[in-house]
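Between the sequences and the hints, there should be enough to build the whole structure, so can you do that?
Residue 16 in numbering that gives the first Met the number 0 sits at position 17 of the sequence shown; the count goes up by one each step and never skips.
Treat the hints loosely; a few may be bogus.
The following label-pair restraints were derived from C-beta to C-beta distances [what the hints assert, rightly or not]:
#1 S27 with Q57: 14 to 24 Å
#2 W34 with E7: 23 to 33 Å
#3 T40 with P12: 29 to 39 Å
If you're looking for bench data, these hints aren't it; they were derived computationally from the structure. Every residue gets a Cβ at the ideal spot worked out from N, C-alpha and C, and that includes glycine.
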Amino acid sequence: MYREIFEELFPVPSAAECVPGGPSVACSSAKAIEWDEAFKTMDDPSGRAVGVHQSAYQ
Numbered sequence: 000m001y002r003e004i005f006e007e008l009f010p011v012p013s014a015a016e017c018v019p020g021g022p023s024v025a026c027s028s029a030k031a032i033e034w035d036e037a038f039k040t041m042d043d044p045s046g047r048a049v050g051v052h053q054s055a056y057q
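So this is what it looks like as structure tokens:
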């Protein structure tokens, strides 16, 4: 879904090459997964992966 939205906003194929990929927790970079062991089980780019989010995962 995120990729489809991105491609609608940035229809040039080279645009995606400017954005690093990989696992993500709450829209952070892949490096953030290494900060805390718990993050390794929360590979979710949405803010819901973080406990302070109003609709956080339980």
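So, going through the hints one by one against the coordinates:
At roughly 21 Å, the beta carbons of S27 and Q57 sit within the given window of 14 to 24 Å. Remark: the range hint 23 to 33 Å for W34 to E7 is upheld by a beta-carbon distance near 32 Å. Separation of T40 from P12 is about 33 Å and conforms to the stated range, judged on CB atoms against 29 to 39 Å.
No hint from the list above goes unmet by this structure.
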